[in-house]
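Engineer: Numbering (our numbering), first residue to last: 239 to 1011.
One thing to keep in mind: the hints can contain errors.
[Stated by the list, open to error] Label pairs and their computed distance ranges (CB to CB): (1) T464 <-> K403: 36 to 42 angstroms; (2) K480 <-> E312: 35 to 41 angstroms; (3) A399 <-> S961: 48 to 54 angstroms; (4) D851 <-> Q412: 54 to 60 angstroms; (5) H872 <-> G671: 36 to 42 angstroms.
No wet-lab data here; the hints were simulated from the structure. Ideal placement from N, C-alpha and C gives every residue a C-beta, glycine not left out.
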Amino acid sequence: MLGQVASAEQLVRLKSGLTLRGSVVPIPTVNQNAFASASTTAASKSLPIWMVDDGLRRVYVHKNAMVAESNPIEDLAQKLTFYQPAPTAGRTVGGIGPLMGVSPFNNYGQRIVNIRGTDGSPISIIQGIKEINARYATIEALRGNPTYQWESRIATSSIPADQLKNLFTRRIDQQDYNKRLEVVRFYIEAERFGEARSELEAMLLDFPEQTRLATQLRVLVQRQGTQLLAEAKLRRDAGQYKLAIDILQNFPLGDVARVTAIEVQDAIDSIRGKEAEAKRLLDQLRQQIRTLGQAYPQHTLLAFVDEIESSITPDTLSRLSDYTRLGGVDTIAVDNRVALAIGGWLLGPGSGLQNLSVATSLITVRDLVAKYLGSSDPAERTAILDQLRQIEGADATYVSKMLPLMKPPLELPAAAEDPIAKGLYRMTTEFTGRPKGEYAVQLPPDYDPLRSYPCIVALGPVGASAEAQIDYWSGRHDPAVGMRLGQGDRHGFVVVAPVWTRPGQRGYESTPREHAEVLAALRDAMRRVSIDADRIFIAGLADGGAAAWDIALSHPEYWAGMINIGGEPTNYIRFYAENAVHVPMMFVFGEIAGSPVTLVRIGDAFERYMKSDYNAMVVTYRGRGPEHYYEEIHHLFAWMNLPTSRRKAIPKSIETVTMRRGDQFFWWLELTELSASVAIDPFLWDQAESRNKGKVVASVGANNEIRIAQGPSNYFRVFLEPSMGISLDQRITVRYRSRSATLDFNGGLDFMLEDVRTRGDRKRPFWAMVSIP
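Throw the hints in and build the complete structure from the sequences for me.
Structural biologist: And the structure:
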């Protein structure tokens, strides 16, 4: 199947905006099981799947579903080769078990790898680097006792700088100017500019007659400066303004070109300019409030301006866009302009609110709503609702706009924070107050509760700690700099790591308990941390990858995407393929992980998603076994940062399947019970006489009518909000078979606030609910 001729290096742009680079091989199927592959090839002459091979990894995508265009591109120019005592014969490694340990590379580019064989026995193999380029190193098993035939690839970026330097010093003739220059070119192509600069500076000392090196060094310093500027902009765009300013103000302006120096100043101005604009607007607003006299509550309004001043950042300045545009227009009444500022801060840009009485009342509404959402006392919540009914601005439309802009209603307890690792909280049941849903959470640097942050729900292997998942996604805490230096922190992600396993658990068990632990942890985190509900990704390693895969398919309404690193498909996953159409998915595996190897063993599961209406990518690392593939981390964040990586809009039509208790809620439809003919207990899966998927079909139609066409239940609840295509100021009718129920929405806040308090989703609050029958 992989015998097709590969094209030259291509730059493949996907419809999502992601780009892939490598040779392209069209293939008929991702399933490499011999029988399936043969039948597919015989039945079809089409090659619907593209395998993009960049030398390190092979990425499989459905061409029509995902590829936008492909163009030729130059291949990597610089590669270095090294002699290694490779065997001419030996046992071929066709599949391997988990990695048990890896030694550092020695000065000859050799290391010892300890793996578990497919029969469970430990094996030690000596490997050596035989070729390296900017993207990957090719390593092969060396002569030993016994001898193995095994070639694999590792990312060049994963090799520590000192090990590379020692290899080049030992294996590259230090008196050969051209060979040394090849090393510099290699570093530059790998964008390891610091190492390239060190090598070039050493060459200036060793080859003083080569005057061109000084010019090349200046060019290299400029590229290093450009890289530093890009890092400052990345931190700025992630909401880390203090860190960005620190980088920019300490920028080596004297070492870079004038154009770069101008860009640095522009980046500083993009932050400082917004701070100055905010000060100007608030000074103007205070003056306008004072001119109103006693016609409006001066103390309340001025106190509110003080609140804005203490909270405003470049992120929240946009809330005042209406006031920025019209606040200084003298033809508009002063009270209308003040209302624009207050309404904009509470309801967001474009609110256009010009009634100051209503705007002032919204301050009280906001405070009462926050108090309700943070209250655990039913009597107190009832009293708050009574108060809200008496206030002019306590309207569902206003409150739905207000909710996403508020601070989370609960705080993270100070006692739960790690005393050393800033921003790390361990939320045990002592702090959550609930029997389920323990988790650890890491906040990004310069965390601001008024900014919405993307979130990774990280599930680790059985036996791994929640903190280990924080380390994987956000990087280890570095006491020397007082922060983490991993990709989650760089890109401004919140990482939530649920404690999803029970004591003594040996693997993922596909139980409602595990799902409940994960979802309870997420909901609690959403009530305490400013998480963007449209950018929540569920991800997992090994058993945690299987859990992430299953939970994503069982509850597709929550996720912007799913990442599975090495998790095997379990029983329900193979039956829930229809649900996967709603969730973008990324799978990362080793090419020879396990026996049979990955695409032979579980290629059929991936094949279900290689269709025109799915968004799935399968990545296999060449010659690699079961690992955590940290080299993939940059690709994963590039995927999660795409503008298209967002939770899908609430659908007007629902078509899903279910066959497990707990998998009963889909967007706006809940099955309050599940038919016994469909529900299978995960512990009794093998004993089940039949395995029938329960199909769930419902849609929003014309005339404010919602029809439940199919569902393995006799009892349903339909949750309502305007974006699903209904008008809440008219009667709503829900039909299921011969039964129907109606609702005339009274405009109250009771259901909306309780929904947000329990689910934690402030972006998509439900306004009302209809039960049938």
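Engineer: Range hint 36 to 42 angstroms: satisfied by the CB atoms of T464 and K403?
Structural biologist: Distance hint for T464, K403 is violated at roughly 23 angstroms.
Engineer: Between the beta carbons of K480 and E312, is the distance compatible with 35 to 41 angstroms?
Structural biologist: Holds, since K480 and E312 (Cβ atoms, about 40 angstroms apart) stay within the stated range.
Engineer: Is 54 to 60 angstroms a correct range for the gap between the Cβ atoms of D851 and Q412?
Structural biologist: The hinted range 54 to 60 angstroms holds for D851 and Q412, with Cβ atoms some 58 angstroms apart.
Engineer: CB of A399 to CB of S961, is that within 48 to 54 angstroms?
Structural biologist: 50 angstroms, holds
Engineer: Is 36 to 42 angstroms right for how far apart the beta carbons of H872 and G671 are?
Structural biologist: With a Cβ separation near 38 angstroms, H872 and G671 satisfy 36 to 42 angstroms, so the hint holds.
Checked against the numbered hints listed earlier, the structure breaks hint 1 alone; every other hint is satisfied.
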